[in-house]
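Asks: Read off the chains here:
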Amino acid sequence: MLGHSNKEEKRDEQFSEKVATKIWRETPSPENSYLTQEAHCHGYDLIALMQKRSFVDVLYLLHRGELPSKNEAELLEKLMIALINPGPRHPATRAAMNAGVGKTDTQHILPIALSIYGGEHIGAAVIEPAMRFIRKNRRKAAQEVADALLSSAKPAEEGDWHIAPGFGSRYNGIDPMPAQFAQKLLSLAGAGDALRWGDEFAQALAPNGMGWLNTGIAAAVFTDLGFSPRAGAGLFQTFAAPGLLAHAVELSGKPITAMPFPKDEDYVIEYQK
Amino acid sequence: MSSNIKSNDTSIWDHNRGVIRSNIGGWIIGEAVYNHGYSMMDDFVGKLSYMQVIMLNATGRIPSRKFADWVEATHICMSWPDPRIWCNQIGALGGSNRTSVLAATTAGLLANDSRQYGTKPLIAGVNFIKLAMEQYESGSTVEDVIDNECAKHAGKPYLMGYARPIAKGDARIPAMERVQEELDIEVGVHQKLGYDISERLEQKFGENMNFNGYLSAVFSDHSYTAEEVYRLYTVLVFSGVTACYVDTIQKPAETFLSLRCDDIDYQGKLPRPLPED
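Top to bottom, those sequences are chains A and B. Sequential numbering from 20 applies to the first sequence in the working numbering. Sequential numbering from 964 applies to the second sequence in the working numbering.
Check the hints yourself; a few may be wrong.
Across the chosen pairs, the derived CB separations fall in these ranges [claimed, not checked]:
1) A:L65 <-> B:S1186: 25 to 35 Å
2) B:S1027 <-> A:P195: 47 to 57 Å
3) B:S1221 <-> A:M69: 24 to 34 Å
4) A:E57 <-> B:T973: 29 to 39 Å
5) B:I975 <-> A:E57: 28 to 38 Å
6) B:A995 <-> A:E269: 28 to 38 Å
7) A:K122 <-> B:G993: 22 to 32 Å
8) A:E219 <-> B:S1027: 50 to 60 Å
9) A:T123 <-> B:G989: 17 to 27 Å
10) B:K1214 <-> A:A58: 24 to 34 Å
Pairs of lysine-lysine residues, derived as BS3-like cross-links and limited to a Cα-Cα distance of at most 27 Å, are as follows [unchecked claim]:
11) B:K1119 <-> B:K1010
12) A:K89 <-> A:K71
13) B:K1155 <-> A:K37
14) B:K1155 <-> A:K26
15) B:K1115 <-> B:K1131
16) A:K26 <-> B:K1119
17) B:K1115 <-> A:K155
18) B:K1214 <-> A:K37
19) A:K37 <-> B:K1131
20) A:K41 <-> B:K1232
21) A:K26 <-> B:K1131
22) B:K1119 <-> B:K1131
23) A:K292 <-> B:K1167
24) A:K282 <-> A:K122
25) B:K1010 <-> B:K1029
26) B:K1083 <-> A:K29
27) B:K1083 <-> B:K1010
28) B:K1167 <-> A:K26
29) B:K1083 <-> A:K26
30) B:K1232 <-> A:K89
31) B:K1232 <-> A:K71
32) A:K29 <-> B:K1167
33) B:K1029 <-> A:K292
34) A:K89 <-> A:K203
35) B:K1093 <-> B:K1083
36) B:K1119 <-> A:K29
37) B:K1029 <-> B:K1093
38) A:K159 <-> A:K173
39) A:K71 <-> A:K97
40) A:K29 <-> B:K1131
Think of the hints as simulated: they come from the structure by calculation, not from any bench. Built from N, CA and C at the ideal position, the CB exists for glycine as well.
In isolation and in its complexed conformation, chain B is listed as follows (with noise of 0.2 Å):
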């Protein structure tokens, strides 16, 4: 049994009775907006790129310009105007039906918070590779490495950041190796291991890394955390949601992927009398 109990210790909630206390900064009237022990307006206006602010406000850290500017670039890698994207149809939708831009954008980007993809699976790819990490500096092999996460799922290789469904390769990663080489961003030792990785799961299952993998690993080599990389891009997504809102709000109402009522496929009960109370 535990020892460590408190009841009714209320002292912590009464500590925060009608005062806000802040580890991030504010806004002192007439003084300055105080952001991590910096002035907003006389040290990031104009000197800091906004992902810089951004970045700093989800990590409590500044990164360097040239990452900031290879992390924007990344969110242009996630910014389709294609409705058939889980999260962008829904932007879609909310056009069809009139919703604010404000309304449909959110709510595609809460969609993000999805096992299956976008921002969310970025916690368990940065976890992944490290990880695998771990493992190989523990004397494992690559093929170690794959045949314990293989072994976690009936021995198919389901490792996050690695294949995805609709199309195999992915298009993103060269795109943003070709910017990280222009940023002068060095290849770490994690973003070594995905391609090792890669190229194992390549000749053994025909499958290799994907946007989440390279994300994944090179965040890990520049020491950010899974919370950290999935805080950071909480809006990943919501330009592309945006772009395909803004294409269905300028048509008529509910002419987005029309549906007649023969268009959904009923397989449930036939009609049948309601009993009597």
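Just chain A, with the same shape it has in the complex (with noise of 0.2 Å):
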């Protein structure tokens, strides 16, 4: 069918020999050249990294190549503590717990809420698209966005509106708990023009029943951070993971009927041909 020939030819692309990496380095040891006998991170010794710093230094040292200041530090711990549990009722926890009480194998836990927690409402792949749309916007009046976006978009006839990534409502209100977490990282020494910015944005939704969502506060303080947008998405599902962990746990040694089976009363089929 096809007029022309498909015969396959390979092109002469040229691929790496080897992996680069300016992250890790592994020395072997001289016994056994698979075995590694010092680990360095961005040029920091491993051990000794474990006997004098802190894990959200080491985090921000993975990704930033260079350790945080303490301001910076102290801005990104607050942070995982704000994200740590997405709580009982969001789908990825949910998905989590189902996961527990169905005694699917522990090693699969994660990976399954992580999948969930990566959706585009209240998740993970909110997070790249949030922190373009501020870095993209921070230098201009967050009024004038706001205006903007308000007069040109239109909300969803149902269900909530998220008028730009990272802000909206919930539930068809202003969420207050990344409200509350905005004003306290906004009271840190290390919050960044980001998240004030964006704060400002949200100021400038509330008459339209919109705010901050937790997608928002994540990616404001991760461009403060310096982050790579890329990174955001599996950070944001790195902080939850252990709120997600525990949630499914919690219910893993329960039996199946600990968790509800909707009766058939309340199982509604709506199919129309």
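The task is to assemble the complex, starting from two chains supplied on their own in separate frames and drawing on the hints.
Replies: Right, here's the structure in full:
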């Protein structure tokens, strides 16, 4: 059918002989070149980091290549606490609970829960676009950006309106928790321009029933800390993992009846041909 | 400013508290498992192919048996037991690290949510051929369609569904054309346009249609949307991933493409003293 040849021919693409990294150096053991005698993260010995630095410091080092200042480390750690648990009603936590009560092999709990946490509604998929949105707009007046969006964008007929990635309504209201996170984080010495701009933007949206979402908070702090937008989703997932796991483990020792299984009268088939 | 403010109106969530409302079906214990109005045990088992049911579950429509057979054959084209392919390599690494076959295969499948290869680019592929058809029906020539697309990419022939990495040409297309002919599935207008685009690209840039372009055109001829194609191809590559897992799980751990410390090209900072806190 295709008029010309489909004969496959190799392209002369040049692939790397080795994987290159600037992050991690493994020095081989003298006896066995597959074993690591020493490991360095961006030049710092891992054993020394264990002795002298916090987990937050090393997390920052991995992504930024340098150790954080005290203010940066404090900002990151406070954000991690804020995001440590999406809560028992979040779809990702409910997925974790389902895996737990369903006796799914425990090593699969986090991949399951974090996959759901990767969604575009209060999920990790929002972080990169939110970081790019903040980066693009933070030199503009927040009120003007809000006004432009409010006049051009249309809300969904049903459900929440996320007028910009990381900002919008939750259950048709302004979510008070991220607003409180923002105030606490803004009070820290490490708070930066992105967080301040985001707060002004959230305030500009408030008369329209919208404000900060957790995703916006994370995106603003990641921007202020200089993280790559491509790291945003994974960092957001990393920070929620402890809470997701805890909820799954709590249910994993309980019988399958420990979670609701809606009765037939509460299962409504609304299919129409 | 929008006037459509429904601040703290939670009626839509209240309506769904404690109740599952399904638009697809469900299990009524002792009666039937309903699926889009059909009883699965009575109407499907032994009467529909598995692929017909997969396509119903993904799109809400039951395709003809012959079209489902064609779709099934396309999965064979994406089930290579070659661990150099990115998603397949994840399966091989899973075997090498002794994960479960489910975890390794699921991980490989997830890698297909990629801008570069596998299932997700079919969205762009279907959208491209449908846009091309709109332009063509509005009077543009095939040349114009190509030029319009190239203009978006600094003149380069980056048309979704045409050209591919690693190799030029695509042996999967003649294989599926043979299946298409045997199943008596007609070549439709999108497929014809796709071939015309391919021929012109070949003349102009030495590139031609790839498997994405072929699939996108045929699905468009059968009135599937880009999102429907993406949904029904959820597990398009799973079998190749599993095959690569099975190969490495049967060999000693970490022997798949073994790496010594010096097989990594470290290009970062040299060892340095840790500053005092």
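Asks: Look at each hint and say if it fits the structure.
Replies: Outcome of the hint check:
1. A:L65 <-> B:S1186: 25 to 35 Å: violated (57 Å)
2. B:S1027 <-> A:P195: 47 to 57 Å: Cβ of B:S1027 to Cβ of A:P195: about 54 Å, so the range 47 to 57 Å holds.
3. B:S1221 <-> A:M69: 24 to 34 Å: Roughly 28 Å apart at Cβ, these two residues keep to the hinted range, so it holds.
4. A:E57 <-> B:T973: 29 to 39 Å: This hint is violated: roughly 57 Å between Cβ atoms.
5. B:I975 <-> A:E57: 28 to 38 Å: violated (58 Å)
6. B:A995 <-> A:E269: 28 to 38 Å: Since B:A995 and A:E269 have Cβ atoms about 36 Å apart, the given range 28 to 38 Å holds.
7. A:K122 <-> B:G993: 22 to 32 Å: holds (26 Å)
8. A:E219 <-> B:S1027: 50 to 60 Å: holds (57 Å)
9. A:T123 <-> B:G989: 17 to 27 Å: holds (22 Å)
10. B:K1214 <-> A:A58: 24 to 34 Å: Holds, since B:K1214 and A:A58 (Cβ atoms, about 27 Å apart) stay within the stated range.
11. B:K1119 <-> B:K1010: This hinted pair is violated, its Cα atoms lying about 49 Å apart.
12. A:K89 <-> A:K71: holds (14 Å)
13. B:K1155 <-> A:K37: Cα-Cα ~43 Å, so violated.
14. B:K1155 <-> A:K26: holds (20 Å)
15. B:K1115 <-> B:K1131: holds (22 Å)
16. A:K26 <-> B:K1119: holds (23 Å)
17. B:K1115 <-> A:K155: It holds: about 22 Å lies between the C-alpha atoms, which stays within 27 Å.
18. B:K1214 <-> A:K37: holds (23 Å)
19. A:K37 <-> B:K1131: holds (25 Å)
20. A:K41 <-> B:K1232: holds (7 Å)
21. A:K26 <-> B:K1131: holds (8 Å)
22. B:K1119 <-> B:K1131: Holds, at about 16 Å.
23. A:K292 <-> B:K1167: violated (49 Å)
24. A:K282 <-> A:K122: Holds: A:K282 and A:K122 sit about 22 Å apart, inside 27 Å.
25. B:K1010 <-> B:K1029: Given that 27 Å is the threshold and the Cα spacing comes to 13 Å, the pair holds.
26. B:K1083 <-> A:K29: The given pair, whose Cα atoms are some 24 Å apart, holds under the 27 Å limit.
27. B:K1083 <-> B:K1010: violated (31 Å)
28. B:K1167 <-> A:K26: holds (18 Å)
29. B:K1083 <-> A:K26: holds (25 Å)
30. B:K1232 <-> A:K89: Measuring from Cα to Cα gives roughly 22 Å; hence the hint holds.
31. B:K1232 <-> A:K71: holds (19 Å)
32. A:K29 <-> B:K1167: Holds. A:K29 to B:K1167 sits at ~19 Å (cutoff 27 Å).
33. B:K1029 <-> A:K292: Roughly 23 Å separates the two Cα atoms, so the pair holds.
34. A:K89 <-> A:K203: holds (17 Å)
35. B:K1093 <-> B:K1083: The given pair, whose Cα atoms are some 16 Å apart, holds under the 27 Å limit.
36. B:K1119 <-> A:K29: holds (20 Å)
37. B:K1029 <-> B:K1093: Holds, because 23 Å separates the two Cα atoms, which is no more than 27 Å.
38. A:K159 <-> A:K173: holds (22 Å)
39. A:K71 <-> A:K97: holds (20 Å)
40. A:K29 <-> B:K1131: Holds, because 6 Å separates the two Cα atoms, which is no more than 27 Å.
Hints 1, 4, 5, 11, 13, 23 and 27 from the earlier list are contradicted by this structure; the remaining hints agree with it.
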